[in-house]
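> Sequence:
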Amino acid sequence: MNKTIIIAEAGVNHNGDLSLAKKLVKAAADAGVNYIKFQTFKADKLVTKTACQADYQKENLHSKDISQYKMLKKLELSNEDYVVLLDYCKYLKIHFLSTGFDLDSLHYLKKLGLTLAKIPSGEITNLPYLRCVGKLFSEVILSTGMSTMQEIKAAIDVLIQNGIRKDNITVLHCNTEYPTPMKDVNLKAMLHIKNELGVRVGYSDHTLGIEVPIAAVALGAEVIEKHITLDRTMEGPDHKASLEPDELKAMVKAIRNIEDALSGSGIKEPSPSEKKNLVIARKSIIALKAIAKGEFLTEKNLTVKRPGTGLSPMQWDSVLGTAAIRDFNEDELIELLK
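Taking numbering that gives the first Met the number 0, the leading residue of the sequence shown gets 0, the next gets one more, and so forth.
Derived by calculation from the structure, the hints in this document are not laboratory data.
Backbone N, C-alpha and C define an ideal beta-carbon position, used for all residues, glycine too.
Some hints here could point you the wrong way.
[Stated by the list, open to error] Capping the alpha-carbon separation at 20 Å, the derived lysine to aspartate or glutamate pairs in DMTMM-like fashion look like this: (1) Lys41 to Glu79; (2) Lys337 to Asp326; (3) Lys48 to Glu75; (4) Lys69 to Glu243; (5) Lys292 to Asp330.
[Unchecked claim] Ranges between beta-carbon positions, derived for each pair: (6) Gly265 to Gly15: 21 to 27 Å; (7) Leu19 to Asn185: 31 to 37 Å; (8) Pro180 to Thr147: 16 to 22 Å.
Please model the entire structure based on the sequences and the hints provided.
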């Protein structure tokens with residue numbers, strides 16, 4: 000089976016600091032993920048001056064200033080910063096990815112050489128944005144938090160109409176609450192998307208912990224996205240629902256283990272590693288006590304014990320009533336005429 004693509008979502012957890020962003024790249028590379036993803040935007044083009052923060056942002060920031068614009072302004076990286084990050088990713092042999100949140104940012108990411116676009120949940124109803132993605136990029140990963148099936152289908156249709164092949168679109172089931180309550184994950188919706196729309200699917204996770212992404216892989220997710228932070232106690236809107244480096248490593252290891260567990264033929268048969276245990280764990284028909292040659296074999300002089308190197312107990316009925324072909328000692332394997 001193909002390996003699950005794992006995206007470490009640095010997002011804005013760099014807090015607008017390039018040196019912190021580079022540390023996130025290093026942590027993601029050390030964890031063994033495929034991609035480290037940032038968010039490319041200019042606050043002036045993304046949000047009005049009067050837009051309020053989401054409830055989870057207010058809670059995580061503990062600030063009286065609830066301006067989304069001011070919050071995002073502090074979290075911007077410069078175009079030059081992204082060049083540095085791209086080069087650093089190449090050095091560490093991890094793929095660089097970033098979500099563009101406005102048309103200028105999309106064009107800039109294309110200029111950097113990106114062919115894969117990551118569409119965030121909030122842009123799924125942004126027609127001009129979707130058209131721009133379709134014209135600029137050849138592959139798309141589409142997050143679907145807050146979306147209906149009709150909205151997802153409409154977004155896919157726009158992407159296809161503007162140049163994206165359907166088989167180059169991966170749709171991520173997602174819940175846009177940070178952190179997402181377990182009762183709201185609705186993980187089976189990922190399978191609903193796959194069955195209804197005929198696309199590759201994955202899961203973008205905002206729960207606390209690592210178990211839900213692992214379960215998503217077991218259900219068939221081809222892409223997993225999870226936020227990464229160096230420290231969940233840092234100030235910022237997304238740190239609280241992010242994994243710290245050691246937790247990210249644990250998630251990657253668990254996902255790779257699940258992939259190995261799913262890689263078999265699907266046919267129920269003894270595996271190479273367990274065949275050697277057949278004779279150890281199974282049993283044979285054994286002499287319960289000393290049996291003389293010619294004596295009839297009965298339930299009173301036979302039993303079943305390990306090892307499984309003799310007659311299978313499944314032959315019990317056919318053995319009963321036959322005559323012993325020779326003398327048998329107690330605990331000796333029973334033999335029949337060949």
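> Work down the list of hints and note, for each, if the structure agrees.
A quick look at each hint next to the structure:
A C-alpha spacing of about 14 Å is found between lysine 41 and glutamate 79, which places the hinted pair at or below 20 Å, so the restraint holds. Note on lysine 337 and aspartate 326: the hinted pairing holds, with a Cα-Cα distance of about 17 Å set against a maximum of 20 Å. Restraint check: the Cα-Cα separation between lysine 48 and glutamate 75 comes to about 15 Å, which is no more than 20 Å; the hinted pair holds. As the CA atoms of lysine 69 and glutamate 243 are separated by approximately 26 Å, the hinted pair breaks the 20 Å bound.
Under the criterion of a C-alpha separation no larger than 20 Å, the hint pairing lysine 292 with aspartate 330 is consistent with the structure, at around 16 Å. Checking the proposed 21 to 27 Å range against glycine 265 and glycine 15 shows it is violated: the Cβ atoms sit about 49 Å from each other. At about 33 Å, the CB distance of leucine 19 to asparagine 185 agrees with the hint of 31 to 37 Å. Take proline 180 and threonine 147: their Cβ atoms lie about 20 Å apart, and the range 16 to 22 Å holds.
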